[in-house]
Amino acid sequence: MTDNIRLHLPAELLGAYDRSTSRMTPTLMKVRFGNTPAIAKRTSEAAALADAADQARRAWESIHSLHWSSASDTTATEGARLVRSAKFAKQQMEQINTATDAALTAAERRLETLKAKMDAAIAPPASAGVATMDAEARAMLRATTDPAAALKLARAHPRAVATASPELCGLAPEVHANIRTEHLRTTLPEETADYSDLLEAVQAAGAARKELESSANDMIDFSTAGRLAGGAA
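End of the sequence shown = 237 in the numbering used here, gap-free, step of one.
In case anyone wonders, no lab produced these hints; they're calculated from the structure.
There may be inaccurate statements among the hints.
[As the list claims (entries may be wrong)] EDC-like mimics (lysine to aspartate or glutamate), calculated; alpha carbons at most 20 angstroms apart, straight line:
hint, residue 1, residue 2
1, 119, 186
2, 91, 77
3, 119, 195
4, 214, 112
5, 45, 204
6, 45, 195
7, 91, 217
8, 121, 194
9, 94, 112
10, 45, 217
[As the list claims (entries may be wrong)] Restraint ranges, calculated between C-beta atoms of paired labels, are given here:
hint, residue 1, residue 2, range
11, 22, 44, 34 to 40 angstroms
12, 114, 211, 17 to 23 angstroms
13, 30, 129, 47 to 53 angstroms
14, 62, 134, 52 to 58 angstroms
Every value quoted in this text rests on a predicted model; they were computed, and no experiment measured them.
Note that beta-carbon positions come from the ideal geometry of N, C-alpha and C, so glycine has one too.
Produce the entire structure from the sequences given, and follow the hints as far as they go.
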């Protein structure tokens, strides 16, 4: 199929065709549209986002195939070929936008729910007795000048650290953040894993959509196609 396309392409398009096709290898497509099998898909929302990213990749494969097949169609004018390619690409991108937007909306709701649980886990303790013990642990931390000893002490009192600011603990922000993350992973292992996986899926879906739009716009002159079609393309 590829040889037939190349055989009928105008000479001035051969370079662009070769460059574009060289970027369609499985390895490069994984780089461009994300390695979705690596996403754990712990939640239905993460799975939907990963699927949206996969849909974007497949849409690009379809757009790429039709564009170059159309460009090699000797029975149609150059303008007709461009309009055909642009119309198909726009339809594909609209479908991806719909699927991605729906998946992102659902993911945002789940992220808010998970974030609320995580915020509750690092809220100051309601018990006065527990709050007093944590305050004493933080006082010891502030009095510890040796970084290694401070880190060891902080890890021995993760709740005291996680439920207060870095300043109250006498810790560097990055150290405090690490202790807080460890505390959340211990107290809410499922929620923190779901949250992390969902964030990865959100990034993958967004990046795949952006790659689709960028690749299509680099390959197809939508502005000219629109003028040729009287604004209908």
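Do the hints match the structure? See the list:
Distance check on the hinted pair: residue 119 and residue 186 sit about 16 angstroms apart at the alpha-carbon level, within 20 angstroms; holds. Simply put, residue 91 and residue 77 have alpha-carbon atoms about 16 angstroms apart, close enough for the 20 angstroms limit, and the pair holds. Restraint check for residue 119 and residue 195: satisfied, since their Cα atoms lie roughly 9 angstroms apart, inside the 20 angstroms limit. Taking the CA atoms of residue 214 and residue 112, the gap is about 19 angstroms. The hint holds against a cut of 20 angstroms.
Restraint check: the Cα-Cα separation between residue 45 and residue 204 comes to about 10 angstroms, which is no more than 20 angstroms; the hinted pair holds. Annotation: proposed proximity of residue 45 to residue 195 holds, straight-line Cα distance about 13 angstroms (limit 20 angstroms). Of the pairs offered as hints, the one joining residue 91 and residue 217 holds, with about 14 angstroms between alpha carbons and a cut-off of 20 angstroms not exceeded. The hinted pair formed by residue 121 and residue 194 meets the criterion: a straight-line CA distance of about 11 angstroms does not exceed 20 angstroms.
Under the criterion of a C-alpha separation no larger than 20 angstroms, the hint pairing residue 94 with residue 112 is inconsistent with the structure, at around 26 angstroms. A distance of roughly 25 angstroms separates the Cα atoms of residue 45 and residue 217; the hinted pair therefore is violated under the 20 angstroms criterion. For the hinted restraint 34 to 40 angstroms between residue 22 and residue 44, the CB-CB distance of approximately 38 angstroms keeps it satisfied. Between residue 114 and residue 211 the C-beta distance comes to about 19 angstroms, which sits within the given range of 17 to 23 angstroms.
At roughly 52 angstroms, the beta-carbon separation of residue 30 and residue 129 lies within the given 47 to 53 angstroms, and the hint holds. At roughly 53 angstroms, the beta carbons of residue 62 and residue 134 sit within the given window of 52 to 58 angstroms.
Hints 9, 10 from the list above are not met by this structure, while the remaining hints are.
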